[in-house]
Every structure is written in structure tokens, then in C-alpha cells.
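From first to last, the protein sequence lines stand for chains A and B. Under the working numbering, think of the first position of the first sequence as 1, with each following residue one higher. Under the working numbering, think of the first position of the second sequence as 1001, with each following residue one higher.
A few of these clues could be false.
To be verified - Result set (BS3-like, lysine-lysine): computed pairs, CA atoms no more than 25 Å apart in a straight line: (1) B:Lys1195 x A:Lys371; (2) A:Lys279 x B:Lys1132; (3) B:Lys1030 x A:Lys318; (4) B:Lys1258 x A:Lys30; (5) A:Lys88 x A:Lys65; (6) B:Lys1175 x A:Lys371; (7) B:Lys1132 x B:Lys1258; (8) B:Lys1189 x A:Lys371; (9) B:Lys1189 x B:Lys1132; (10) A:Lys222 x A:Lys279; (11) B:Lys1258 x A:Lys318; (12) B:Lys1195 x A:Lys277; (13) B:Lys1175 x A:Lys36; (14) B:Lys1189 x A:Lys269; (15) B:Lys1176 x A:Lys36; (16) A:Lys63 x A:Lys45; (17) B:Lys1274 x A:Lys269; (18) A:Lys269 x B:Lys1258; (19) A:Lys122 x A:Lys222; (20) B:Lys1132 x A:Lys269.
Claimed, not checked - Far from chain A, some chain B residues (derived; all Cβ distances over 10 Å): (21) Lys1045; (22) Lys1132; (23) His1219; (24) Glu1229; (25) Ile1237; (26) Pro1252; (27) Lys1258.
These are computed hints drawn from the structure, not numbers from a lab. Positions of the beta carbon are idealized from the N, C-alpha and C atoms, including for glycine.
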Amino acid sequence: MIKTNSFTTPPINPNHDACGIAALLNLDGKKVSGVKIKNMIALMKERENGLGGGFAAYGLFPKHKEQYCIQTILDDFEAKELVEEFLKDYTDILEEEKVIVRKDVIKEYPMTWRFFVDVTCKGDPDDIIKDIMMHINTSIRGAFCISGGKNMAVFKGCGWAADIAEFYQLDKIKAYMWSAHSRFPTNTPGWWGGAHPFSVLGHAVVHNGEITSYGTNAEYLKELGYECKLLTDTEVLAYIFDFLTRKSNYPPKIVHQIACMVLSPPYWKDIDRMPPKLKKWATAIRITHRKAMANGPFAIVITTDFPKPTMIGHSDRKKLRPLIAAVSEDESTFYLSSELSSIHLVDQTPNFWQPDPGKPVIASIGEPIIKGTKEPLEGLPIKIK
Amino acid sequence: MTTKKRKITINAEPEGWPMDYRELNKKIRKAIRDGYTHLILQNVKGQRFIGAGIKEPVTIEIFGDAGLDLGVFSEGITAIVHGCSEYLLGNTLNAGELIVYGDSWDVTGMGARGGRIFVMGNGGSRIGIHMKEFKDKKPVIVYGGTVKQYCGEYMAGGMIVVLGLDFGDAIADRKKPVEREDIDPNKVKDIIDEKIVQSDLCGGIHGGTVYIRGDVPDHSLGVYAIKDEFTQEDKEILAPIIERFCELFNVPVDLIWKKKFTKITPVSSRPFGKVYTYTPI
């Protein structure tokens, strides 16, 4: 019998872009509740249509810092057992719990369950967790893995962003880094799994816009062992970012700049005018990761814990989607948002700016913010072997 | 007849949460119908479409950050924003004056057909895209700070002026809404030329002029845009606009003329005429 109300299977009829994104990072590592981020995203209600909202939070499980937290949404207990059985083959489940949700906010909702696991089989644990996530999403009926990082989790669903925050009771949990997304799906269906953030391991991506190079990127990723099955263009960004940061062996200090440059590389005409060393870098990156370039309008916020907690605001080269960055007056909190008003709602800071087109803004705990405006390839002048 | 009502204050955040833009715009329209000519909007936080399509010559003063599409399709309002304005400021503006004591980012004055836009701070990409003019209807956009790439893209008429001024030190308390009196004229500084414009300036321009206060490198120019000589005639055209800008933002007029302007004009009125061939019938 075909189930009619499955939360983990994409709908056949796509609903028919103006997504809203907001994010905050406490540069001093202080944890705050989800009220602030909820207010930020709720102000931009005009940017969503109630078909998807989501949040990524970092620093949630101090007790299980070293374990991977596999957060899943499930249609029924049967699916939960399937996931559990599958996980037991490769991992050791230390603890599992049902994510407590409010029953009065969203009419129909799936079960959310999380597992804290240690990898037991041979190989790189990160790779194994990545493969586990992909297997759950593609092969286990009635189950969907929404995040699988350490000390972080993604909360998402089909509904208004503010409702999703209420639903998961984000006011009761505390995190040092938050990102939020409110969805207005245009080209792809609005469903529970299709809401942002898209997460793989410790990376989470929220995205406003569309990736028109999806086909090329997906093909490239398939060669590298990533399966794109979620019917949403944003997932390629998460996988490209994961591949470039974790698997490409670039020096950890500049790995985020390189990843951003791969996504929106400088034009050849601009490369021609670069100083020799940077020219060499830019040329090498453009040629090597040609198929990983993201085309089309996008503004994204990438939150990651690799190699250390970092938040990146990035846009396409023509800046076809809005993004505003800000730092609180005492320089303790870094904000990114689609609209300035949502930052000013929670913090009347005078230090705000619009990032340059195609250049990232990178903020990590305990480090100065890299604006990427002074030098297009700041931090990159390193010898090539 | 009742006494003539003139000023009214509307609080856009009455119950601790910003009002929906539809509600705010309804209140604005009602106030105009009731005969008010000076509307003061307090605590504005990103409400969109303020002053949309209003034909009456009213003044709307906004304290806070105006949302997208401020003054869209309007014909003769004066909007003064003490704060920032988001994208699409003066979208398809027909007449009137929009003044922003702050920044206003991408696609300002898109397809404007008249009116004037004065922004104290910085701009984003594609300022004045598809702006046009007809007879005496000439839209003008003036930015006090810098702009980003594709400024004046596909422009068909009107004027864009970018002054490259830094108001950062001139405003003592940037946390409260900026007014003219808050600006210290002696502390307004120049921004270095390289930062005033970015690439593809006036790409595909086929009408109108862009004046940049400072030198523009050739590689910053977009397709079919060329640098032209800045003549005395240009100075005369610019003078009243500069004067108005200085009056609004408390900048000494002498400071503006200290630096040379670069004039950018289209190569021809039909630059793409030879690119596309006629459709065969």
C-alpha cells in the first residue's frame, strides 16, 4: 500500500524565489537561545510562503561533544527501527532520544529522533557518517537524516520559519552559532526534507537563490562519491563545501577562502590584472575545480565546525541576491541577514556593510573577520609546489 | 470646515513588534486622504513599499530602516529616511525626491522615469539600471559614498552622480537616526579613487550620463561606455544638483569641486544595433 502522508518522500507535484536567510555567531563563544534568531527570521515574513523553515545550531550537546549526532525525521516507528538496525551495523549507539516538539503549532508532523553514535567500522569516521547519511536519505523508506555533525543539529520542516522555531522549542536550547532560513520554493517542491539548512557532517548551508549549474555540479559530485537525491539545488553547495574543506588537503587556514573562490571564481579579465602569485592561484583553482563552480543567483550562509567554528556569508559574482553583514558594537556577535532591518531588530549596531559581490565574509571564533574586500584572495599568497 | 491638519506621527511598531507593511501603507494612505501633508513614521523596520504609487505632494519622514521598494511608482512625494533603505529604492520613480541619511544598496532607481534620489552613504550593484528620460523628465541619482559593479547598466537617460565621500567620522552617534544637524561638515572626507566604483560601470549604456568624482580606470568601464571630457557645460548642469546634495547633507560645496569629475557617456544611442540581426520574416 502506498502511504499518502509521508513526510520523508518528496511530493510528486512541485509547488510553485525570495528566501530569507539570517545567521548569528557569537565571536566570544557565548551561547544564546534561539529567540534572537527566530525574531530575525520572523521579521522577513514577506520572504517566505510557509513551505519551509529551518535552523542550524552549534554547541548543543556538551555531554556528547565527541559523538556524531544523527538527527532524523521519521514517518513511523517502523522507519526508526530500520534506521537503528542500519546504524548498529557500522556504529555504536551511545544514546538515542526523541526530540520533544510542541504539538499545537503544526498540524501534521513527523517524528524527530536523534542518535548519538561512535563509528566502529574501519575507515575515516567522517566519510562513514557521510555515507550513512546518504544511505538513510536514499534507501531507507520513511526516514530522512537532516544532520549528522558533532555537537550540532539541524531543525527544519515544512511551515513558516517562526512556527518551526516554536515547534522545535528553540527558545529552550542554547547555541553559540545559529543560522536560519525561511523558504519560498519556486523550482523545487516544498517538503520536510527539502527545507534548508542542508547539512552534511558539521556543515550547514542556507541558501537564497538558485543554482543553475546544478547538473554539472551534481555530476562532478557523483564522481567524488556524493549522491544528490534531495531534489533541491542547495545540497550541491553543502557537498562541494564538504569536499573542498575536508577532502582536498588545502591548508586549514585558507581552506574557506578557497572554497568560496571555487563557488564564485573571479572572471578571467580580473585574473589577468592580478599580481603574479595570485594569478597563478586563481588560474589553478578555476581549472582544477571547474565543475564545482556555482552558477546562477545565490546568497548563502555556510556554518561549519571544520576546522573550527566558522560562519561564511557568500554571494554570486553579480550579487543577484541580498546579503548584509554586521558586527555588534562590542564586536562580540557577527550577523548575516538578507535585510538590515532584521539585524537592527535584535541589535542597533552601527557597524554593518554589504559584502562585495562574489567575495566572502568569514568570521571564526577568536579571529578577526575576513571581509574579502581589500584583497580578493586575502590569505592566499602561498607557494605552489 | 475643520482646521487644516498637517502633521501626523505614525508608530510602525505599536505593540513591540514591527507592523505589517500592508497595515502601515493603509495608515499612510488614510492619513493622506484625511489631508495630512507631513507624515512622520517612527520605528520603521523594513516595511516594504512605503509611499507606493502616491501622487499627492506629501512629505514622508521615516525614522528607522525603510524596506524594499521605497517610493515605488510614486509621483511627487518627498521621502526622507533617517536610517538606511534596503534594495530597490525609487523603483520606477516618476517624480519627487527621495532622501536617505544612510546607505541604500542594490538596484536603486530601477527604470526611473523622473524624480531625484539622494543617498548619503554607499550603494550596491546595478544602481540606476534601465533608467530613462523624456523631454523635461530626467531622473537623477546622487550617491555620497561609493557604488559597486554595474552602476548605470543599460541606462537610457537621466544622470547618476557618485561623489566618493566618507561620512564615517562626520556623524558622532551613528546609533540614532541621522539628521542633517548631526553631520559635521569639517569631518567629511574623500574616499580613494579605486574604491568609488567597481567593474562594469555603465555596461550597455545608451543614453544619459554618469559623473564620478575621481578618476575611473579603463578596466572598470563596461561595454559601450566611454570616458568623455568634463566641460564647463557639465559643471553648470551639475551645480544645482551638487548644491542640493550639500544642503541636504551639510557638506561644504567647495569640498566637492576640489576633486575632478569623470564623465561617462554611451558610445552611441544604439550600441547593440549591430549585435542583433533583424528577425527574418
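Structure-based check of all given hints:
| no. | hint | verdict |
| --- | --- | --- |
| 1 | B:Lys1195 x A:Lys371 | holds (15 Å) |
| 2 | A:Lys279 x B:Lys1132 | violated (39 Å) |
| 3 | B:Lys1030 x A:Lys318 | violated (40 Å) |
| 4 | B:Lys1258 x A:Lys30 | violated (49 Å) |
| 5 | A:Lys88 x A:Lys65 | holds (20 Å) |
| 6 | B:Lys1175 x A:Lys371 | holds (22 Å) |
| 7 | B:Lys1132 x B:Lys1258 | violated (30 Å) |
| 8 | B:Lys1189 x A:Lys371 | holds (22 Å) |
| 9 | B:Lys1189 x B:Lys1132 | violated (32 Å) |
| 10 | A:Lys222 x A:Lys279 | violated (29 Å) |
| 11 | B:Lys1258 x A:Lys318 | violated (33 Å) |
| 12 | B:Lys1195 x A:Lys277 | holds (23 Å) |
| 13 | B:Lys1175 x A:Lys36 | holds (20 Å) |
| 14 | B:Lys1189 x A:Lys269 | violated (32 Å) |
| 15 | B:Lys1176 x A:Lys36 | holds (21 Å) |
| 16 | A:Lys63 x A:Lys45 | violated (35 Å) |
| 17 | B:Lys1274 x A:Lys269 | holds (24 Å) |
| 18 | A:Lys269 x B:Lys1258 | violated (33 Å) |
| 19 | A:Lys122 x A:Lys222 | holds (23 Å) |
| 20 | B:Lys1132 x A:Lys269 | violated (30 Å) |
| 21 | Lys1045 | violated (4 Å) |
| 22 | Lys1132 | holds (22 Å) |
| 23 | His1219 | violated (6 Å) |
| 24 | Glu1229 | holds (26 Å) |
| 25 | Ile1237 | holds (30 Å) |
| 26 | Pro1252 | holds (24 Å) |
| 27 | Lys1258 | holds (26 Å) |
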